[in-house]
Amino acid sequence: MATSGAGKSARNSKRVEAWLISVINPVIDSLRREADLLADGNLSWRYFSKKCEYIRPVRSYIEGNFRPNFEDFLTENPQFKKKFEEHDRALSKIEGAASEFAAALLHDPLFKLRVEEALKDYAVEATYARYDSEPRPPGLASMNPGMPETIAEFLINNVGSLPSYYVPYSFWERYREDFVKRFGPRENAKAGVLPRAVKKLQGISARLAGDVTRHRSNLCSKYDMAPVPIMPQGPVEELITRR
Amino acid sequence: MKTNSPFAPRNRDLLIIDTGPIRELILFHAVYDLGFQSLRPQLRPYFDRRAYKQLSRFLGLFRERTTSASVVAELYRWIQGLPDPSGHQQLWERIYQEFRNMGLNEEVVRLIDMPISIVAEHGPVDASLLELARRHLSRNPAILTVDSWLARECGRAGVASGFQLIEVCHRNSS
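Keeping their order, the protein sequence lines are chains A and B. Just so we're aligned: 155 in my numbering is position 155 of the first sequence, and the numbers increase by one with no gaps anywhere. Just so we're aligned: 1029 in my numbering is position 29 of the second sequence, and the numbers increase by one with no gaps anywhere.
Hints are not guaranteed to be accurate.
[To be verified] Computed cross-link-like contacts, DSS-like style, restricted to lysine-lysine with a CA-CA straight-line distance of at most 30 angstroms:
(1) B:K1053 to A:K93
(2) A:K50 to A:K112
(3) A:K181 to A:K93
(4) B:K1053 to A:K222
(5) A:K93 to A:K51
(6) A:K93 to A:K81
(7) A:K14 to B:K1053
(8) A:K199 to A:K222
(9) A:K50 to A:K222
No lab work stands behind these hints, which were simulated from the structure alone.
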C-alpha cells in the first residue's frame, strides 16, 4: 500500500510539516492558478520558448531549495509520481499542439495576407494621427518576435484586451475580433488538437488538485497538524521568509 | 474627443524607466503568476494587484519607453543575488517578456559623458538616466523611479519630470 507516513511519530512530524509548507501547499496553489488560466483559455504559451510560462511541470512549482523535500515526498507517497507525470505529459502535449498550431498558422497564406493587410492599415494610422491632439500609436517594426508570431501567440493564449502599455495594444484592440473569428484555435475546426489537449489537461489538473488536497487533509488528520502550520521562528519558516 | 478609441491620446512621448519599477513588475509576476512565494518579502508592500493596474495605466500614457543599458546590468546583479538559481531562467524569461511587451528600448551612455560628481555619489545608473533625459529633452521626457533623490533631481536639473513609483500607484487610484 502506498504510504503517506513520515516516520514513526504520528503527531506533529517535522517531516510532514516540511512537505506541507514546501511541497503540498505550493502544488495546490499552483494547480489553482493553473485551473484559472485554463478556464480563461490563457495557456501563457510563448512563441520564443515554445513553452507555457505560467503552467509548468509539477516539479517546477517547487522552489529549488525545496526540491529535496519534493523527492522525499514522492519517495514516501509514490502514488503521486504517476499522477504528476500524467500532468506533465498533458502539458507537454499542449505545448506541442500550440507550437504546431502556430507553425501551421504562419504558413497559412490567408493568415499571412490578413496580417499584411492589417499591418498596412495600421501603419497608416501610426504615421498620421487622426487628430492633431492625438499622438500616433507606436510603430510595430521593432517587435521581436514579429507581428505574425505575436498574433499567433495571442490567438493561442485567447488574449483579450492587452494592458495599454503593451506595444501592440492599439493594433490588437482594432483587429482582435477579426483575427479571432477567422483564425482562433477555438473557432477553427482544423485546430481541434489544441482545444482537446487543453480540455485534457483541465481534467487531469482538476483531479490532481483534488487528490493532493485530500491527501493534505489525511496527513493533517493523521499528524494532527494544520494545513498551513503556524510555527515559531523555526528553520523552515526562516528559510521561506528569508530566501 | 473619442475616449474609447484604440488610438486614444497618449499624453507624453517618452518615459525613461529606472531599475526599481522594472524590478517591481518582475516581482509582481514572479509572486502572483509564477508562485515564487519566497520573493514576496521583496515586493514593496504597496505593490499589489491594484497598484499593478495603476502602473500599467501610467506606462500606457507614453508612446515610447526607454532605459539605460546599466539598468539591465543592475537587474542581472539583483537576480544573481537571489539564492535559488533554479528560478533565474524563469525570471529572465519574464524580463524578456516585459521588455518585449512594452517595447523597452535600451540606450548606452558612456561613463565619460556622465557628471563625475553624480556617478561618485549616486552611481552610474542614476547618472545615465539623467543623461538620457538630457539627450531627449525635446521629447518632454519623464523618469519613473523608486528613488526619491532621482525623482527630485530631474526637476532640479530641468531635464525631465520625475515620478516615484509609489506616487504613481497612489495618484492614479484616486
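Each hint, compared with the structure:
1. A hinted pair counts as satisfied when its Cα atoms are at most 30 angstroms apart, and K1053 (chain B) with K93 (chain A) does not qualify at roughly 33 angstroms.
2. About 20 angstroms separates the Cα atoms of K50 (chain A) and K112 (chain A), which keeps this hinted pair within 30 angstroms; it holds.
3. In summary, the hint linking K181 (chain A) to K93 (chain A) is supported, as the alpha carbons are separated by about 25 angstroms, within the 30 angstroms threshold.
4. The suggested pairing of K1053 (chain B) with K222 (chain A) is violated, with an alpha-carbon distance near 44 angstroms, which exceeds 30 angstroms.
5. With a C-alpha separation of about 11 angstroms, the suggested pairing of K93 (chain A) with K51 (chain A) holds against the 30 angstroms cut-off.
6. Distance hint between K93 (chain A) and K81 (chain A) is fulfilled; the C-alpha atoms sit about 18 angstroms from each other, no more than 30 angstroms.
7. A C-alpha spacing of about 40 angstroms is found between K14 (chain A) and K1053 (chain B), which places the hinted pair above 30 angstroms, so the restraint is violated.
8. Proximity of K199 (chain A) to K222 (chain A) is assessed by CA-CA distance (about 35 angstroms); at most 30 angstroms being required, the pair is judged violated.
9. For a cut-off of 30 angstroms, the pair hint linking K50 (chain A) to K222 (chain A) is broken: about 43 angstroms separates their Cα positions.
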